[in-house]
Amino acid sequence: MNTEILERRTAITGIGQSDIGRRLGVDPLELTLDACLAAIADAGLTPKDIDGLATYPGAMGGQPGFTGAGVTEVHDALRLELDWFTGGMELPGQLGSVIDACAAVAAGYASHVLCFRSVWEGTAQGKGKRAGIGVGAGGGGGGFRASGNTMEFTLPFRAYSAANWIAMNAQRHFHEYGTTREQLAQIALNARRNAADNPKAIYRDPMTLDDYLNVRMVSTPFGLYDCDVPCDGATAMIVSRIDRAVDLRRTPLRVEAVGSALRGRPSWDQFDDLTTMALRDAGKMLWERTDLRPADVDVAELYDGFSFIALAWLEALGFCGKGEGGPFIEGGANIARDGVIPLNTNGGQLSGGRLHGYGFLHEACVQLWGEGEDRQVTGNPQVAVAAAGGGPLGGCLLLTRE
Numbered sequence: 094m095n096t097e098i099l100e101r102r103t104a105i106t107g108i109g110q111s112d113i114g115r116r117l118g119v120d121p122l123e124l125t126l127d128a129c130l131a132a133i134a135d136a137g138l139t140p141k142d143i144d145g146l147a148t149y150p151g152a153m154g155g156q157p158g159f160t161g162a163g164v165t166e167v168h169d170a171l172r173l174e175l176d177w178f179t180g181g182m183e184l185p186g187q188l189g190s191v192i193d194a195c196a197a198v199a200a201g202y203a204s205h206v207l208c209f210r211s212v213w214e215g216t217a218q219g220k221g222k223r224a225g226i227g228v229g230a231g232g233g234g235g236g237f238r239a240s241g242n243t244m245e246f247t248l249p250f251r252a253y254s255a256a257n258w259i260a261m262n263a264q265r266h267f268h269e270y271g272t273t274r275e276q277l278a279q280i281a282l283n284a285r286r287n288a289a290d291n292p293k294a295i296y297r298d299p300m301t302l303d304d305y306l307n308v309r310m311v312s313t314p315f316g317l318y319d320c321d322v323p324c325d326g327a328t329a330m331i332v333s334r335i336d337r338a339v340d341l342r343r344t345p346l347r348v349e350a351v352g353s354a355l356r357g358r359p360s361w362d363q364f365d366d367l368t369t370m371a372l373r374d375a376g377k378m379l380w381e382r383t384d385l386r387p388a389d390v391d392v393a394e395l396y397d398g399f400s401f402i403a404l405a406w407l408e409a410l411g412f413c414g415k416g417e418g419g420p421f422i423e424g425g426a427n428i429a430r431d432g433v434i435p436l437n438t439n440g441g442q443l444s445g446g447r448l449h450g451y452g453f454l455h456e457a458c459v460q461l462w463g464e465g466e467d468r469q470v471t472g473n474p475q476v477a478v479a480a481a482g483g484g485p486l487g488g489c490l491l492l493t494r495e
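Per my numbering, the very first residue in the sequence shown carries number 94; after that it's consecutive.
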């Protein structure tokens, strides 16, 4: 029986990011190509070296700004000669596309895979309200008719979007474990402190606990600052064969382990444990594939599409016990840059901007390469985890500096 952990044949060798802004008004394909070309150059490669391409969610319509470009557009624009490519939405979270790329590289289908994710939700939103997920282009329902999916059971109760669905998870955690809004606030306050040192972050002004508490409620227990901020931007990275990475420009960041499991129901509202969601299974799989432990991790970049998701990832990845997330983050010291586990050092999506998952892996690489400047974690970090997704979607990667 082959017990090799195949993802260890792979490494991240380059990263790139476009301009990030609340409403840039820039063509989304242009943003995508800016990030892709930056990642290729960062690795010391050229487009001729790229033989694989991966993205989430691929080209799709129905929700303006949710995706900036698909595989075909980037393939053609960069005149790539590909041996393997993929783009789609039915994955273990947004980083599922990177996990797919690792699998393809480990299997020998490609040597250098360009992975990208782009959004232009800020510009698409304009001055109107934010769209609900899955309820049509206008976000207000209109003539939309749910059929054959979970929306049939949530729309009648006016649960239009993930803000409602994840709020239900958070409320269950509050009920079972005594978690409070004051504790949850530390996710947002920590993000804002870190964003102050990130020149690309959307919101950099200081925020106090009173500021957090005294805003409009969105979906109990979430207030405005528990929800990520729509923006425009693109992020890209190169996944390479480890034996092809040693001669490139950068020190390769080895993929030590991935987590992509979903061992419960693929449902937002019928999962067996609403307090943890699919994150439980992805986190467990990650630690099943490595001898490293949570205590070995130097920095954690964990999805905060809503603040509670970051708390749930902290528990799922073992940085604190199940149900202990509230006390663990209380006061914010444990998750600060000089704390037990520095969290979301770029401001996450709550203050840095909703780059929809890829921004966390990008920041993990920035930290391991020691390029965080004013937001850099001290102590020469060697191990980082990046995780994305919520509800029935979750994927994570553990990276080590070679």
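What the hints contain is simulated information worked out from the structure, not anything from laboratory work. We treat Cβ as the ideally placed atom computed from N, Cα and C, and that holds for glycine. Do not rely on the hints blindly, as some may be mistaken.
[What the hints assert, rightly or not] Okay, the calculated beta carbon distance ranges per label pair:
1. G118 with M310: 26 to 32 Å
2. A426 with E466: 30 to 36 Å
3. V308 with V339: 46 to 52 Å
4. T301 with P140: 44 to 50 Å
5. L317 with G411: 37 to 43 Å
6. H268 with E466: 37 to 43 Å
7. G219 with T96: 51 to 57 Å
8. M310 with N473: 18 to 24 Å
9. T313 with E417: 49 to 55 Å
10. N307 with P140: 30 to 36 Å
11. E417 with M153: 36 to 42 Å
12. N242 with L385: 44 to 50 Å
13. T96 with L317: 47 to 53 Å
14. G411 with G219: 27 to 33 Å
Exercise. Are there hints from earlier that the structure breaks, and if so, what are their numbers?
Worked result: 2, 5, 8, 9, 10, 12, 14
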